[in-house]
Amino acid sequence: MEFPTIFSITEDEIDLNNLLAKVTLTSTGAAAIFTGMVRGATTRGDVHETEYLEYEAYIPMAEEKMRQVAQEIRARWPSIEGIAIVQRIGKLYPKTPTILIACTAAHRDTGVFEAARYGIDRLKEIVPIWKKEVSPGGEFWVEGDYTPTAGE
Amino acid sequence: MNRVKLLFFATLRDRAGAKSMELDIPADLTIQGLKDKISEEYPNLRESMSSVLITINREYAFDEAVIPTNAELAMFPPVSGG
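From first to last, the protein sequence lines stand for chains A and Y.
Residues in the first sequence are numbered consecutively from 1, following my numbering.
Residues in the second sequence are numbered consecutively from 1001, following my numbering.
No lab work stands behind these hints: they were computed from the structure.
Yeah, the Cβ is synthetic: ideal placement off N, Cα and C, and Gly gets one too.
Misleading hints may appear alongside valid ones.
Residues from chain A shown here face chain Y by an in silico Cβ test under 8 Å; the list is partial [claimed, not checked]:
| id | residue |
| --- | --- |
| 1 | Met61 |
| 2 | Gln87 |
| 3 | Asp145 |
Same shape as in the complex, but just chain A:
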């Protein structure tokens, strides 16, 4: 049977319950979900406050790269059943969820935690999405530190 893979870039609110239902099969007994939200107060490293983040994406390429991340997860953890990768874009305020990665499997000891972790780490490396940080002191584009290599 075909396992569900869901990926999308949306301006709408991320509906965790709906997404979780879509990656839950009758054989599913475990889900690991990572979600990230806008942090209003940063205390680690460069201490600062964030008014909001503005996300943008190169949508058609981002969708293709999300598909690739899902394929990489399946190649590494064949026990994974469903995968959902959803990025919210637009102007997002503190406490608002911006990203959701959910991986499901029959049991919790089959790599679901690692798979979800891999999904968010990989998204931050190769999926063309950017955020502009707007704070009381001004605004700047956040830039990652990863340079993809050939074939990525």
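Fit chain Y to the known structure of chain A by using the hints.
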């Protein structure tokens, strides 16, 4: 000549002052050649060319890659989604 579309995102869009442009480039121009051309013709973007990521038809492309006919190119900084 080869007419291509070049898209800009994030810092590159701000510096270019445009989301995209149509560009006539010589046949067989490489990515390195494109960076040189952009540096020469768009001084605002010169500084970005050392760390910019470039894609050809939505795949990451590297200096020696030759730009195909009617390609969709994009230039952007390292990604920061999540």
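Contradicted hints - numbers only:
none
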